[in-house]
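J.: Here is what each chain is made of, one letter per residue.
2 protein chains.
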Amino acid sequence: MIESLVLSIDGMGGDNAPDIVVEGINVAAGRRNDVRYLIHGDVARINALLDRYPAAKAVSQVIAAEKVITMEVKASQALRQGKGSSLWNAVQAVEEGRANAVVSAGNTGAFMAISLFRFRAMEGVHRPALTTRWPSIKGGYTVLLDVGANVEADSEQLVEFAIMGAAFARAVSGIAKPSVGLLNVGAEEQKGHEEIRAAAALIRAAGFDMDFRGFVEGDDIAKGTVDVVVTDGFTGNIALKTGEGTARLVAHYLREALTGGWMAKLGALIAYPALRKLRARMDPGTFNGAVFLGLNGLAVKSHGSANGHGFAAAIDVATLLARSHYRAEIATNLTRLAAAEASNAAAAPAGEAS
Amino acid sequence: MIESLVLSIDGMGGDNAPDIVVEGINVAAGRRNDVRYLIHGDVARINALLDRYPAAKAVSQVIAAEKVITMEVKASQALRQGKGSSLWNAVQAVEEGRANAVVSAGNTGAFMAISLFRFRAMEGVHRPALTTRWPSIKGGYTVLLDVGANVEADSEQLVEFAIMGAAFARAVSGIAKPSVGLLNVGAEEQKGHEEIRAAAALIRAAGFDMDFRGFVEGDDIAKGTVDVVVTDGFTGNIALKTGEGTARLVAHYLREALTGGWMAKLGALIAYPALRKLRARMDPGTFNGAVFLGLNGLAVKSHGSANGHGFAAAIDVATLLARSHYRAEIATNLTRLAAAEASNAAAAPAGEAS
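So the sequences go chain by chain: A and B. Using this note's numbering, the first residue of the first sequence is number 1, and each one after it goes up by one. Using this note's numbering, the first residue of the second sequence is number 1, and each one after it goes up by one.
Careful: at least some of the hints might be erroneous.
If chains are identical, the list can't say which one is meant, so a pair holds when it fits in one copy or spans any two.
Taking lysine to aspartate or glutamate and the DMTMM-like style, the derived pairs with C-alpha atoms no more than 20 Å apart in a straight line are [as the list claims (entries may be wrong)]: (1) Lys223 - Glu188; (2) Lys191 - Glu72; (3) Lys74 - Glu189; (4) Lys74 - Glu188; (5) Lys277 - Glu256; (6) Lys265 - Glu156; (7) Lys223 - Glu329; (8) Lys138 - Glu256; (9) Lys223 - Asp211; (10) Lys223 - Asp283; (11) Lys177 - Glu244.
Read the hints as simulated data drawn from the structure, not as lab findings. Values in this document were obtained by computation on a predicted structure and should not be read as measured data.
One chain only, chain A, in its complex shape (with noise of 0.2 Å):
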């Protein structure tokens, strides 16, 4: 594509914003040239960081916003009293059309209820989902929606995320059929839950472009059994975390054994070079950057305590799905799914069973 995108950011959201925002532009300025940022917040601040990062600078057009949505805000006051903020800006400007999608390392809860509030979702989508990436054994990532958005998902909902997760990641990870598996207990037909069973049966039946492999379990999203693994808010948040957790504490076990006596040291220090590889893989930042999916405007949230590298990746994953055609995948993959249900409801008149 040769047309140049306009990516708007949220200068103050974050743990060490707006320096790690200037930082993260910067990087992805150094990849590539052919993206404008819309900086909000404060300028004198912004300014001074974007005399410091001439990359950043030459792409690069601060907004002023008097305001700021803190980490502690709820979402309900930040639709309340959000107007004017960074935040609130940022999203105004891709709704506007003055940008291709919205970026902010700011408050998650704040964050989707503005984009939720302004873009609102597409149409056939009756729940967003935050939809993010873990690293796999296989080398790339799998990509697991909703990691929480919503606390719970009926079938309908769990196959409205088996297709904008497939759309997600044809965009951002280029698989032409991704493969898709429903989050379970077992792989087994029989198992798990009846919204579980009827969302498989739903996709069976829908014939979406993307290739449906049934159930996994847990320790399939490490393994990238497939590209794509659908749950509900819930117990794709706590598996997100029980994750980050784990890899916390086996970081922390090689620490204590790396540390523990002067030849495990001497060890450690020949193999640096190594261990500061395995460090940078096991950085969260590389694979920065959810994306609340549904909605009719293009929202990617940054972790808050990323670093630049970390705001780069989340940058990536912007200009991905903005240079993409997911919208129109997930909306013609609704159809398909409005064209199922009809027929599904056609085969079973109320009242019989399926």
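With the hints as your guide, set chain B onto chain A.
T.: Frame of chain A; chain B shown alone:
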């Protein structure tokens, strides 16, 4: 306690039975000499192994069982056709008072079904729960339940799990007043499902003998924020397997890092004793032994792929629980729960919002 404990062992369950079973008994027998073992299974094969493990031989008696329930057998099938198998007979020995607990590394579904059928649930327990441990950064273990006995749990069942988990922590980890948390998507009062919030209110009202800390998140399992993490079997199973998958992912990364180039290999060689200790620490065998809690009999499940060292850890869990008063404690707290529910019902008559 002076009296001798008797453990009933499924000699044929697990990927490497009966070898690892006898090896495990041998390891356990080296730790304490006041436990005797009834080993059910193929007499000739088990006796041949006992000849190689004198410590095990001194404390074991072999009882013939002509059948084996393999890993592929469904729970319903095991119930119909399992009579006379090593697993069935091992459970029956406890039911008939010939042993204090049963340990098996065999088919989990079959073991749970046969245990529930023969032992029956304790009075007041709606659903027994599979209870396991996960290593924590604090150095000990976090008790986690339910990890897969049921796919759903209402508020009352979650409260029962909390009671059972606290009793487990007291017996196995020796904690006088275990801290307990309910697994949720956020620590705030208003987060999560209706059922979880109701469970929290019920635990607070009932005044159990535990240190209830409200909601915890997925990463708190490995952090060791609380001694016991309570959740439904669907979420618990997925959290556990996601954690296992992540631990394997990081181990894979570490292996790749330390074999990539001669410097890394040299460093790893020098740090080898430390890395071997790390490996032992990450070995799931060290925290092996899941308990199917809430029954009138004690059933301990070893991982199917456990080695002798892992099977001995499961024997340790069985020994500690069998020597504790965990069932009496559960019964006492269930009585408190019933009283709290009765006073709840009296305070909020039907039809009125509580």
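J.: Let me make sure I understand: some of the numbered hints might not hold for this structure. Which ones are they, in numerical order?
T.: Those not satisfied are hints 6, 7, 11.
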